[in-house]
Amino acid sequence: MKAQDRTWRRALRRDWQLYTLAILPLLFFVIFRYAPMLGNIIAFRKFQPGGSIFGEEWVGLRYINMFLSDPTFWNVFTNTLVLGGLTLLFCFPLPIVLALLLNEIRTRRLKRFLQSVSYLPHFLSVVIVAALVMQMTAVDGPINQVLKSLGEQPVTFLQQPEWFRTIYVSSEVWQTVGWGTILYLAALTTIDEQLYEAARMDGASRWRQIWHVTLPGIRPTAVTLMILNIGTFMAVGFEKILLLYNPLTYPTGDVISTYLFRMGVLSSNFSYAAAIGLFEALVGLVLVVSANVISRRTVGTSLW
Amino acid sequence: MVTVGTSRGYRVFQAVNAVILTGVVAVTLYPFFNILARSFSEETFIRAGEVNLIPRGFNLTTYEIVASDPMFWRNYGNTVYYTVVATLVAIILTTCYAYVLSKKHLKGRTALIWIAVFTMIFSGGLIPNYVLVTSLGLRNSVWAIALPNAISVFNLLVMKAFFESLPRDLEEAAAIDGLNTYGILWRIVMPLSKAVVATMVLFYAVSFWNSWFSAFLYMNESELFPVTVYLRNFIAGATGVENAGAVAGELTQAAANIQSVTIVLTVIPILAVYPFVQRYFVSGVMLGAVKG
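If you read the sequences in order, they're chains A and B.
By my numbering, the letter at position 35 of the first sequence is numbered 618, and the numbering carries on one by one without gaps.
By my numbering, the letter at position 152 of the second sequence is numbered 175, and the numbering carries on one by one without gaps.
Read the hints as simulated data drawn from the structure, not as lab findings.
Please note: incorrect hints may appear among the correct ones.
Interface residues of chain B toward chain A, partial, derived using beta-carbon atoms under 7 Å [to be verified]:
hint, residue
1, L44
2, Y104
3, I150
4, R255
5, M309
6, L310
Now the in silico label distances, taken between C-beta atoms and shown as ranges [unchecked claim]:
hint, chain 1, residue 1, chain 2, residue 2, range
7, B, Y104, A, K731, 16 to 24 Å
8, B, L189, A, A586, 42 to 50 Å
9, A, G883, B, A295, 20 to 28 Å
Where is the CB? At the ideal position from N, CA and C, for every residue including glycine.
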C-alpha cells in the first residue's frame with residue numbers, strides 16, 4: 584500500500600501537467616456519459632420533472648413489470664428485432680460484395696470516381712435522406728411514375744405498414760453500403776500478391792482465388808465490423824425512423840427507441856421510458872459482449 | 024497459366040461488373056438529380072408526376088420564396104454558429120485527452136482509456152440524457168448541442184494513434200529546453216499534427232452540420248433551430264409551410280416544391296466541399312481502423 588502511494592506521488596509530481604489536461608475531458612465523461620448511466624436508476628424510482636435527476640423514492644420493479652405486460656412494448660420489441668435483423672442481413676454483406684467488385688476495376692481514375700460517388704450519401708444529414716426518401720416515394724415521385732407507366736395505381740408508400748421495412752432498409756443500403764467498403768478496400772490492398780501467384784501456380788481459377796485468398800484476407804475486418812454492427816443492433820436507425828414513420832406505419836415501423844421517445848419526451852413518463860431504455864441498453868451490451876466472445880473462440884478475432 | 028487474367032470468362036465478368044457498377048452510380052446519384060429537377064420545375068408538372076431528370080416549366084420562383092423567408096436564413100446562420108462552437112469545444116477536449124492517452128508511461132493510463140472506451144459499448148440512453156441536459160439548464164442554448172457530444176471516442180482513438188506515432192525525441196528535446204507540457208503540446212505537437220487536426224475538424228464539423236436531433240429536443244423556439252430542423256418541420260408537415268407561404272404570399276408553389284429547394288440549398292455546402300475533403304475522411308477512418 585505504502586509503495587503504491589509513493590509511486591502515485593511520484594507520478595503526480597512528474598506528470599501533474601498532463602493530468603490537468605485530462606480534467607476537462609474527464610468532467611465531460613463523468614457528467615455526460617456516466618451520470619446518465621446512473622440516471623437510469625429512475626427506472627426503479629419515481630421521478631418528478633424538475634426534481635432530482637436520480638428520482639424521489641424507490642418503487643422497485645413497478646416500471647419493469649409495467650412494460651413487460653405492455654402489449655405495445657412487445658410489438659415494438661419484435662419490430663426492433665426484425666428491422667435490426669434485416670439491416671444486418673443487407674448492410675453487412677453488401678459492402679463486401681461492392682468492395683470485391685470495385686477491387687476488380689483496373690483503371691485507377693475510374694475506380695476513384697466510383698469510390699467518390701459511392702461514399703457521397705454517407706455525408707448527408709439523416710434529415711436530407713429522409714426528405715429524399717419522401718420525394719422518391721411520393722405519389723408524384725419517380726417510383727409512382729414507373730408504376731403509372733405500367734398502368735398501375737399509385738401507392739402511398741409511406742402510409743402503408745407493409746412497405747415500411749422495405750423503404751427503411753433500402754434507404755439504409757443506399758446511404759451506408761458505399762462508405763462501408765472503405766475498410767474492406769484497405770484490407771484488400773494488404774493481401775500479399777504472392778498468395779495469388781501461389782494460387783495461380785496451383786491452377787486456381789479466379790473464383791477459387793477469391794474464395795481461398797481474398798475472403799480469408801478480409802476476414803478479420805469482416806468479423807470486427809460484424810461485432811460493431813451487432814452492438815448497434817438494438818438502436819436501429821432511431822433518428823431515421825423518427826423522421827419516416829407515422830401513426831399509420833406504427834405496426835411495422837415503431838421500434839423500442841421511438842416508443843420510449845414518445846413515452847418519455849412527449850408524454851413525460853420518464854421513469855417508464857427509462858426502464859425500457861435500460862432494457863434496450865442491457866440487451867445491446869449482452870449482444871456485443873457475446874458476439875465478441877463467440878468470435879474470439881471461433882475465428883480468433885475480437886475487439887478486446 | 025498467364026491466360027487466366029484475360030480468359031473469356033474473365034472478360035464476361037468485367038462486362039457484368041461494369042454494368043453493375045454503373046447501376047450503383049446511377050442509383051446513388053439519381054435522387055440528387057431528381058430533386059434538382061423538381062426544385063426548378065413548376066408545381067403543376069410536379070403534381071402531375073411529370074418531372075424526372077429534366078425540369079419542366081423551368082422557373083426560379085420557389086428559390087425566391089425560400090430565399091425571402093428570413094427564418095430560413097436565420098436557421099442557416101444558426102447551423103453555422105452551432106457547428107463552429109461545437110467543433111471548437113470538441114477539438115479542444117479531444118486533443119487534450121488524446122494527448123494524455125498517448126503518453127505510454129503515464130500512470131493510470133489504462134484506466135483513462137477504459138473510461139472512454141466503455142462508453143462505446145454502453146450508454147445511459149435517451150431519457151437520462153434528456154433529463155440531465157434539461158436539469159442543467161442547457162435548453163435553448165448552443166451548449167445543449169455542443170457539450171453532450173463533445174468527445175467522440177472514435178475520433179479520440181484516431182488522434183491518440185496519431186500522437187503515438189510521432190517521434191518522441193522532439194518532445195524530449197523541447198522538455199530539456201525548458202518547455203512545459205502545455206508548451207510542448209501547443210508549440211511542438213500541434214504544428215506536427217496539422218493533418219490529423221484538420222481531419223478531426225472535418226469529422227466533427229460534418230457531424231454537427233448534419234445533426235438535428237439535439238436541436239429538435241432542446242430548442243423551443245423556431246428562431247433557435249438549425250436548418251436541419253427547419254427542413255424536418257417541412258417534411259413533418261409542421262409549421263414551415265405556413266411561414267414560407269405567408270412570407271411570399273404564393274401558396275400555389277407549395278410544400279413539395281419548397282421542400283426540394285430547401286434540400287438543394289442545405290446540401291450545396293456539403294457537395295461543394297466534398298471533393299476536397301473526402302480523402303481526409305478516408306485516411307481518418309483508416310487511421311482509426313488500425314487502432315480502433
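Hints versus structure:
For L44 of chain B, the interface hint holds, the least distance from its beta-carbon to any beta-carbon of chain A being 6 Å, beneath 7 Å. Evaluation of the Y104 of chain B hint against chain A yields a violated restraint, the C-beta minimum of about 17 Å exceeding 7 Å. The interface hint given for I150 of chain B holds, since its Cβ lies 4 Å from the closest Cβ of chain A, which is under the 7 Å cut-off. Evaluation of the R255 of chain B hint against chain A yields a held restraint, the C-beta minimum of about 5 Å falling below 7 Å.
Taking 7 Å as the C-beta contact cut-off toward chain A, the hint placing M309 of chain B at the interface holds, the least distance being around 6 Å. For L310 of chain B, the interface hint is violated, since its Cβ never comes within 7 Å of a Cβ in chain A; the closest pair sits about 11 Å apart. One distance hint, 16 to 24 Å for the beta-carbon pair Y104 of chain B and K731 of chain A, is violated here, with the actual separation near 45 Å. The hint said 42 to 50 Å for the Cβ distance between L189 of chain B and A586 of chain A, and at roughly 33 Å that hint is violated.
Here the CB-CB span from G883 of chain A to A295 of chain B is close to 45 Å, at odds with the stated 20 to 28 Å.
In this structure, the hints that do not hold are numbers 2, 6, 7, 8, 9, in rising order.
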